[in-house]
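Chains A and B, in that order, are what the protein sequence lines are.
Take the first sequence: its letter number 14 is residue 14 in the numbering used here, and every next letter is one higher.
Take the second sequence: its letter number 139 is residue 139 in the numbering used here, and every next letter is one higher.
Any given hint could turn out to be false.
Listed next, the in silico BS3-like pairs over lysine-lysine satisfying Cα-Cα at most 25 Å (straight line) [unchecked claim]: (1) A/LYS131 - A/LYS3; (2) A/LYS109 - A/LYS26; (3) A/LYS131 - A/LYS27; (4) A/LYS27 - A/LYS3; (5) A/LYS26 - A/LYS63; (6) A/LYS52 - B/LYS211; (7) A/LYS107 - A/LYS179; (8) A/LYS26 - A/LYS6; (9) A/LYS63 - A/LYS6; (10) A/LYS107 - B/LYS316; (11) A/LYS200 - B/LYS324; (12) B/LYS211 - A/LYS107; (13) A/LYS179 - A/LYS105; (14) A/LYS105 - B/LYS211; (15) A/LYS109 - A/LYS179; (16) A/LYS131 - B/LYS211.
Derived, one-sided and incomplete: chain B residues facing chain A with beta-carbon distance under 7 Å [claimed, not checked]: (17) GLY112; (18) ALA113; (19) ILE117; (20) ASP198; (21) GLU199; (22) ASP200; (23) ARG203; (24) MET205; (25) GLY206; (26) VAL207; (27) PHE208.
These aren't lab readings, by the way, just hints derived from the structure by calculation.
All values reported here derive from a predicted model rather than from experimental measurement.
Quick reminder that beta carbons are idealized off the backbone N, C-alpha and C, glycines included.
These are the residues of each chain, in order.
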Amino acid sequence: MLKVEKLETGYSSMQVLWGIDIQVEKKSITTIMGPNGAGKTTTLRAIMGMLKPWSGKIMYDGKDVTDLPPHSKVDMGMTMVLEGRHLFGNMSVRENLMMGAYSEKAKEKMEDSLEIVYSLFPILKEREEQKAGTLSGGQQQMLAIARALMARPEFIMLDEPSQGLAPIVVDQVMDTLKKLREELGITILLVEQNVMASLKAGDYTYIIENGRVVSHGEPSRLIDLKEVRKAYLGI
Amino acid sequence: MRRYVRPMIPVIILYLTLLLVGLSSESRWQPVAFIMFYIALGQALNMFLGMTGYVDFGYVAFLALGSYGMALAFSSFSSLGLWVILLGFVLAIIMSSLLSLAVGAIALRLRGAYFAIATIGVNEGFRYLVEGVRLWGGSEGIIISSTMKDIFGSDLSNYISTFVADIMVFVIGFIAAFLTVYIINSRIGYALMAVREDEDAARVMGVFATKYKIMAFAMSAIFAGLIGASAWTLKLTYVFPEDVFNITYTVEAIAIVMLGGAGTLTGPIMGGLIYGFLRYYLSTVLPGFQLLVVAPLLVLIVTIFPEGVMGYVKRKVRNTRFEKYII
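Extracted from the complex, chain A is given alone in its bound form (with noise of 0.2 Å):
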């Protein structure tokens, strides 16, 4: 679904990512590791065309899109959660998803979706008139991930989503995802610092240290490595 190729980027004058190499398979969530600053969200801006790339290849679908614009990633599937949310705190819920179908495609589809969005996410629908700024953490979460299915995407991004949850909340983001890719066949990469939670839900997994990455494989695969023990989990 998406191959990135010796991925370099940075701001300005400083390099942060030095030759990403990322493969993501169709249908699975593929997850990015690594401490503060490494350049994980780096990586998701460079893909979502956010971040312009100094260099190197992003394919999706068999396609060359290493320097179009985001809107033009939008228009064939691709989309992103930002880190944080970014929700439109003054507006409704409702409103809030309907922003999320802006693109042409997706506007058609707009009552089909609000449908599926409103099956997968019922307390979205209680609170349909509610402001987003209004909702819990965990509430806020699922109304970004909701307003990011109505542009119709067929592969996501997700920043962090489980950032400032409560770990309960944290599982029951991740088996949303599951249920994104088991319902709705959708592509996920997720970028997460909850070790445990990422290598639970994900199907294979990158780690990258200082721009680079340092180690891939399965999950379960790189649990028992020491290194990754050592690092990330303390045991």
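Got chain A sorted already, so can you dock chain B onto it with the hints?
This is chain B only, laid out in the frame that chain A set:
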């Protein structure tokens, strides 16, 4: 259709009232025209500041280019007769929109305060360019009063600069209001609202943010140019660079939009009304001290209504039957 008509009702009432008050006696026309200038100015800037949340400190440059457009029509194409005014407005549109596209293509890549700072430079830079290379008459400006008299005769010239120019500002403001309603109800409006609330979120939803920002910027600039062409050149019959590039107008326009409620339709109208009224009458009651009084009054109003006067009203009428009329 109703979603376009209903919000226009308060606008039409306000405009008609103002027009009737102005026409009711000769002494009232001048204050009404003065207030009308600020209303139109607020509406023009609101299309950009209100819709995108970006603050342009070089905004007056668009009024300036518009006023030069009209002046150049008179100084270079006086043989056209009455059509020269139309040509003047066309030139005003072309010049102000070209500048906005040039500035927008570069400066709209910057966000927040960086954009604001970059735009101050545009205005000052353009003014020194005009004065320095003696473009368009340099610091002596362009005086069109004698050309106007040659073309129209002195009675008609007088009528144009004391009445028609003011009416034109009225019309420009009204068209701006209508366009604002249209934008707010359209996809462009939704896109701009998303950009204003959260630009990154807008982009991942598929909004081509830069395109819509430049569109709003150019539209706002065109209306500024039209206002400059009519409220300055046609009315005053001269253009001096130190007058038309005066940053005070930018600051006043920002104050009006914030005061009335950025991004609302009626906000800049109310803001222009309050601001213009205060400035005009305080300058007759307390000559020389008007700005000293206006400033704390503005601070007071903005403290009481942080979303602007009409922003406050809009919130109050939410979920009532007036909701559809106040946008």
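message: For A/LYS26 and A/LYS6, compute the direct alpha-carbon distance and say whether it is at most 25 Å.
response: holds, 21 Å
message: Just to be careful: measuring from the Cβ of B/ASP200 to every Cβ in chain A, is the smallest value less than 7 Å?
response: Result: holds, 6 Å to nearest chain A Cβ.
message: Hinted pair, alpha-carbon criterion (25 Å max): A/LYS109, A/LYS179. Please report holds or violated.
response: holds, 20 Å
message: Can you confirm whether the C-alpha distance between A/LYS179 and A/LYS105 stays at or below 25 Å?
response: holds, 23 Å
- prompt: Going by Cβ atoms only, is B/PHE208 closer than 7 Å to chain A?
  reply: This hint holds: B/PHE208 lies near chain A, its Cβ roughly 4 Å from the closest one there, short of 7 Å.
query: Once the shortest beta carbon distance from B/VAL207 to chain A is found, is it less than 7 Å?
result: Holds: closest Cβ of chain A sits about 6 Å from B/VAL207, inside 7 Å.
- request: Sort out whether A/LYS107 lies within 25 Å of B/LYS211, counting only the CA atoms.
  value: Measuring from Cα to Cα gives roughly 20 Å; hence the hint holds.
Chain A contact restraint for B/ALA113 - C-beta distance below 7 Å: Since chain A brings no Cβ nearer than about 17 Å to B/ALA113, farther than 7 Å, the hint is violated.
- prompt: A/LYS107 and A/LYS179: Cα distance at most 25 Å?
  reply: Given that 25 Å is the threshold and the Cα spacing comes to 23 Å, the pair holds.
- prompt: CA of A/LYS63 to CA of A/LYS6, is that 25 Å or under?
  reply: Holds. A/LYS63 to A/LYS6 sits at ~16 Å (cutoff 25 Å).
message: The hint names B/GLU199 as touching chain A; please verify it with the least Cβ-Cβ distance against 7 Å.
response: violated, 9 Å
- prompt: Holds or violated: B/GLY206 as interface residue toward chain A, Cβ cutoff 7 Å?
  reply: For B/GLY206, the interface hint holds, since the closest Cβ of chain A sits about 3 Å away, which is under 7 Å.
Of the numbered hints listed earlier, those contradicted by the structure are 1, 3, 10, 11, 16, 17, 18, 19 and 21.
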